[in-house]
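Colleague: Residues per chain, in single letters:
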Amino acid sequence: MTTGTNYLIEEIETTLHQVKDPEIPSVSVGELGMIYDVEVTGSHVHVKMIPTFVGCPALDIISRDVKAAIRKDVNWVDQVEVSYVFDKSWSTDRISDEGREKLKEYGITPPPIDFKEGDPWEVDCPYCGSTYTSMENIFGPAACRSILYCKSCKNPFEAMKPVASHNS
Amino acid sequence: MKINNVEELKQHPEYKEALVELLYQLADDDFLISFRGSEWLGLCPHIEEDVAYSSINQNTMGHATLYYELLEELGEGKADVLAHDRPIEQRRNAILLEEPNGPGTYLVEPRYDWAFTVVRNYFYDVAKQIRLESLKNSSYEPLAQGARSILGEQYYHVMHWDVWFRQLLSSTPEARERLEGQIDRVWNNFGNVLSLGRQGERMAEFGIIEDEGALKKLWLGKIEAVFKDLDLSLPSAEPQAESGDGRAGEHTENLETAIETLSEVYRLDRVAAW
Numbered sequence: 000m001t002t003g004t005n006y007l008i009e010e011i012e013t014t015l016h017q018v019k020d021p022e023i024p025s026v027s028v029g030e031l032g033m034i035y036d037v038e039v040t041g042s043h044v045h046v047k048m049i050p051t052f053v054g055c056p057a058l059d060i061i062s063r064d065v066k067a068a069i070r071k072d073v074n075w076v077d078q079v080e081v082s083y084v085f086d087k088s089w090s091t092d093r094i095s096d097e098g099r100e101k102l103k104e105y106g107i108t109p110p111p112i113d114f115k116e117g118d119p120w121e122v123d124c125p126y127c128g129s130t131y132t133s134m135e136n137i138f139g140p141a142a143c144r145s146i147l148y149c150k151s152c153k154n155p156f157e158a159m160k161p162v163a164s165h166n167s
Numbered sequence: 000m001k002i003n004n005v006e007e008l009k010q011h012p013e014y015k016e017a018l019v020e021l022l023y024q025l026a027d028d029d030f031l032i033s034f035r036g037s038e039w040l041g042l043c044p045h046i047e048e049d050v051a052y053s054s055i056n057q058n059t060m061g062h063a064t065l066y067y068e069l070l071e072e073l074g075e076g077k078a079d080v081l082a083h084d085r086p087i088e089q090r091r092n093a094i095l096l097e098e099p100n101g102p103g104t105y106l107v108e109p110r111y112d113w114a115f116t117v118v119r120n121y122f123y124d125v126a127k128q129i130r131l132e133s134l135k136n137s138s139y140e141p142l143a144q145g146a147r148s149i150l151g152e153q154y155y156h157v158m159h160w161d162v163w164f165r166q167l168l169s170s171t172p173e174a175r176e177r178l179e180g181q182i183d184r185v186w187n188n189f190g191n192v193l194s195l196g197r198q199g200e201r202m203a204e205f206g207i208i209e210d211e212g213a214l215k216k217l218w219l220g221k222i223e224a225v226f227k228d229l230d231l232s233l234p235s236a237e238p239q240a241e242s243g244d245g246r247a248g249e250h251t252e253n254l255e256t257a258i259e260t261l262s263e264v265y266r267l268d269r270v271a272a273w
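Residue numbers (numbering that gives the first Met the number 0), protein chains in the order written: chain A, 0 to 167; chain B, 0 to 273.
Accuracy of the hints is not assured; some may be wrong.
Here are the simulated lysine-lysine pairs, BS3-like style, with alpha carbons at most 27 Å apart [claimed, not checked]:
(1) A/K66 x B/K77
(2) A/K66 x A/K47
(3) B/K9 x A/K47
(4) B/K135 x A/K115
(5) B/K1 x A/K47
(6) B/K227 x B/K216
(7) B/K215 x B/K15
(8) B/K216 x B/K135
(9) B/K215 x B/K135
(10) B/K15 x A/K87
(11) B/K135 x A/K47
(12) B/K77 x B/K221
(13) A/K87 x B/K1
(14) B/K215 x B/K77
(15) B/K216 x B/K1
(16) A/K115 x B/K216
(17) A/K87 x B/K227
(18) B/K77 x A/K47
(19) B/K215 x A/K115
(20) A/K87 x B/K77
One side of the interface only, derived from the structure: several residues of chain A facing chain B at Cβ under 7 Å [stated by the list, open to error]:
(21) V53
(22) G54
(23) A57
(24) S82
(25) F85
(26) F114
(27) E116
(28) N136
(29) V162
(30) A163
(31) H165
Calculated from the structure, these hints are not laboratory results.
Yeah, the Cβ is synthetic: ideal placement off N, Cα and C, and Gly gets one too.
Put together the whole structure using the sequences plus the hints.
Modeller: Following this line, the structure appears as structure tokens:
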């Protein structure tokens with residue numbers, strides 16, 4: 000799928016790891032699994048990304064940030080194109096291990112691995128690790144997050160909503 | 000048959016015609032129900048519901064955008080224009096979805112009906128889920144891919160309305176009575192939501208979506224099982240379409256006022272970048 004010379008693509012991918020999610024600034028778009036493909040043709044770069052939630056309002060900001068980061072850090076690039084594709088459906092299993100750790104740093108419990116619709120969703124507190132938590136609202140401040148409460152350390156916290164994969 | 004992109008579609012004008020028709024139905028349905036939902040912002044029964052419902056509406060508006068963008072790729076015009084500036088008679092949403100939430104407006108004396116909202120959204124989201132499960136295997140690959148992405152979100156929408164529906168029907172006699180009244184009302188027009196319009200058979204022939212009858216049967220099966228759980232009986236063998244056929248471009252004044260309200264800012268400056 001990936002075209003262009005490998006080390007050039009790697010350089011782009013490294014840069015993309017500096018682009019953070021505007022709503023979760025501890026995690027990069029790479030760690031969230033939003034990068035689908037990078038194509039390099041001469042000095043033209045095309046980054047194909049998978050949106051997390053279809054109507055996520057941060058998509059335009061992310062696209063702007065990706066372009067800006069590449070223009071700033073990669074000097075051989077002339078033109079950057081960013082497009083959102085649906086070639087694969089995003090699921091929370093696309094988040095990397097590093098991304099999962101960084102979510103916790105921001106006070107967000109990462110989603111369970113290999114979630115299937117209908118599975119029970121147990122959420123541990125990202126601060127104290129307690130399992131003694133309650134769901135306040137499945138829908139939170141952003142489409143991808145839910146609001147919970149830890150009855151052990153008495154902190155409200157958020158969790159990333161598990162989204163199952165529907166790829167055939 | 001499998002159509003992988005817009006290029007391949009050019010060889011099949013009849014297929015394209017049926018596909019365009021379906022995309023308008025999907026887009027306009029999601030667009031209208033999420034607009035009606037957004038009018039509830041600040042007026043929901045409690046603040047957590049305000050957060051949840053606005054999140055659902057934001058997602059649903061995103062789904063409408065996905066379909067409008069697929070239409071844009073097919074040369075139907077800009078997605079924004081299709082949403083804001085398309086004449087009423089070209090709209091394909093089911094009539095039930097243009098009905099207001101209740102008397103008043105969100106600005107002046109909103110006397111919105113939560114029971115109506117719960118029933119309309121629950122029935123709609125169950126139907127939408129069934130359609131998406133079918134679209135996941137659509138012969139038009141870009142639509143199949145879109146459906147797979149939407150499905151992960153739709154799971155939570157159905158769950159949300161399922162909780163409201165079951166809890167209100169199992170609470171006080173007043174709540175149950177009000178829900179039952181709205182079930183009858185929504186039933187009278189839900190037939191139009193389940194309709195795929197005049198091109199329905201074509202859509203099924205081309206494998207764009209399953210046959211309307213099969214999808215309706217799945218919906219009825221699901222709703223019947225829930226009704227049985229709650230000790231309710233179906234108002235009639237199947238839902239009606241009393242107010243007319245939105246799939247054929249028949250609409251009420253409610254759609255006109257809805258489009259006028261939601262496109263007010265857009266019409267101030269049609270070329271502004273937001």
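Colleague: If you draw a straight line from the CA of B/K135 to the CA of A/K115, is it 27 Å or shorter?
Modeller: The hint holds at about 17 Å.
Colleague: Restraint: A/G54 near chain B, CB-CB cut 7 Å. Satisfied or not?
Modeller: 1 Å, holds
Colleague: Against the 27 Å threshold, does the CA-CA distance of B/K9 and A/K47 hold or violate the hint?
Modeller: Holds. B/K9 to A/K47 sits at ~25 Å (cutoff 27 Å).
Colleague: Checking one constraint from the list: CA of B/K1 to CA of A/K47, max 27 Å. Satisfied?
Modeller: The hint holds at about 23 Å.
Colleague: Tell me if A/V162 is really an interface residue toward chain B, meaning its C-beta lies closer than 7 Å to one of theirs.
Modeller: Check passed: Cβ of A/V162 comes within 4 Å of chain B, closer than 7 Å.
Colleague: Please verify that hint: A/A57, Cβ, nearest Cβ of chain B, below 7 Å or not.
Modeller: Nearest chain B Cβ about 11 Å off; hint violated.
Colleague: B/K77 and B/K221: Cα distance at most 27 Å?
Modeller: Since the Cα atoms of B/K77 and B/K221 sit roughly 37 Å apart, the hinted pair is violated (cutoff 27 Å).
Colleague: Would the hint linking A/K66 and A/K47 be met if the CA-CA limit is 27 Å?
Modeller: Holds: A/K66 and A/K47 sit about 12 Å apart, inside 27 Å.
Colleague: Holds or violated: is the Cβ of A/N136 closer than 7 Å to a Cβ in chain B?
Modeller: 5 Å, holds
Colleague: Holds or violated: A/H165 as interface residue toward chain B, Cβ cutoff 7 Å?
Modeller: Result: holds, 4 Å to nearest chain B Cβ.
Colleague: Sort out whether B/K135 lies within 27 Å of B/K215, counting only the CA atoms.
Modeller: Given that 27 Å is the threshold and the Cα spacing comes to 17 Å, the pair holds.
Colleague: Using the nearest Cβ pair, does A/V53 come within less than 7 Å of chain B?
Modeller: 4 Å, holds
Going down the numbered hints, you'll see the structure goes against 12, 14, 17, 23, 24, 26, while the others check out.
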